[in-house]
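There are 2 protein chains.
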Amino acid sequence: MNRSELINQIRTKKNFLCVGLDPDIEKIPKFLIDEEEDPIYTFNTRIIDATAPFCVAFKPNTAFYEAYGLSGITSLEKTLKYIKANYPNHLLIADAKRGDIGNTSTMYAKAFFNRLDCDAITVAPYMGSDSVKPFLQFERKWAIVLGLTSNEGSANFQQLKVNGKDLYLTVIETCASWGTKENMMFVVGATKADMLDDIRKIIPEHFLLVPGVGAQGGSLQEVCKHGLNKDIGLLVNSSRAIIYASNGNDFDTKAGEEAKKMADEMSQFI
Amino acid sequence: MNRSELINQIRTKKNFLCVGLDPDIEKIPKFLIDEEEDPIYTFNTRIIDATAPFCVAFKPNTAFYEAYGLSGITSLEKTLKYIKANYPNHLLIADAKRGDIGNTSTMYAKAFFNRLDCDAITVAPYMGSDSVKPFLQFERKWAIVLGLTSNEGSANFQQLKVNGKDLYLTVIETCASWGTKENMMFVVGATKADMLDDIRKIIPEHFLLVPGVGAQGGSLQEVCKHGLNKDIGLLVNSSRAIIYASNGNDFDTKAGEEAKKMADEMSQFI
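From first to last, the protein sequence lines are chains A and B. Positions 0 to 269 (numbering that gives the first Met the number 0) are the ones given, in order, by the first sequence. Positions 0 to 269 (numbering that gives the first Met the number 0) are the ones given, in order, by the second sequence.
These are calculated hints, taken from the structure and not from any lab test. Small disclaimer: the values here were computed from a predicted structure and weren't measured. Hints may contain errors.
Copies of the same chain look alike in the list, so a pair counts if it fits in one copy or across any two.
Claimed, not checked - Below, in silico cross-link-like pairs of lysine-lysine (DSSO-like), each with a Cα-Cα straight-line distance of 27 Å or less:
1) K26 x K109
2) K109 x K29
3) K132 x K26
4) K140 x K253
5) K109 x K132
Throw the hints in and build the complete structure from the sequences for me.
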């Protein structure tokens, strides 16, 4: 999916919601585990069907699948295929946070973009240029680089001062120089909405993937106030607040309602 | 495996070699692909059997398996089991470079340490404390944090100046404060051997995992001169120079010879 197609989806659906598919076997409804052969896949497909009308992107975090070994990877690959087959206009993001030396990053890029046909993958920047650039060599595909994350530990290194400015600003500025607004986005944690102003000075046009709205405590109003640009330029993710909205057989309906609520809130900004 | 057991292995075998199991389907002997049901697994087991007498650790880079999807993950899990069953005294390192928000890192830690029974996993530090600490909660298990990597891109961020010193030194110092020499090591690229002096001032006792000797161009002499401590304190990795020593049916014998050559070179430092 390219940039103008993404913007078009956002304007048509009047939201910029990304639903995080992070299924935890301890948290999904128990009846699925008792009754279903692949409870994670069933959980996902029902969440996807219920939320697809109210979002423009899906983002499985690969850790939640890799934790269960082969059966988890099977659930992940089936989920990716299900989204591609049924919702080809939704941006499909593999939240894998990969990054390795050049030839290894190339293997990851081929795996996620070609074999699994994801539209985007999250990338860890610490290893620098040759760890990031291989993800930029694919038409209509995106590297989403970790800029400023929303977790407590983001203060440890991301907010250290380098030549008088925070490291994450240097990371964003340097990484942005390797790609374009057509093949690169940045992860920017919503719990630090005021930092968005500084980021927008450096990359006024790039899309930002904002985690942390909802369960992690960020405010949509703040994020929009500081992060929106003329093409919207935001994807706001919510995982737990949507996918665990209910524990009962109505878990998908409730997830859909929660997604709709967020999408409605977003519509005022479109 | 705990620290004294690792040191004991090194002193007994008189080497500190780690063999990187990074099988690339384009590079492994073609007859394996024609004849074997799981050529990567067969390749690995023959390399492992041939090199085990001359090394103390094995390090599969998970990218090389994940690139092939379910069949690759199957090969990886079979390889890990094979090593654990046949070479329980070798340190088993999953080179996965993971790092995510706290609860997600915990899932990774459980997957690699409990389910897959690896001894160690490589960890990307950019997301800070809550992304690293979950890997330190397991008895006899190790987090190996990326400090200074050996690739070209390490200059982009790792070598930026923070308060007058290189970022990688701050990363190493800060991460070291979260763990101990019993549950934490650091990746330190061998192509920058002179930087080892600065690192050893901060962490004189920790083990360092040194990639980049061999195909990536580092020198063992230099690494030892600057990196050895009273408990050796080094694991030096070689992947391509060993596992692709030959393309023929003698690939395992040649790999063993190459490993032995490196082990012999190391023995003078024990």
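Against the structure shown, which of the earlier numbered hints fail to hold, in ascending order?
Violated: hint 4 alone.
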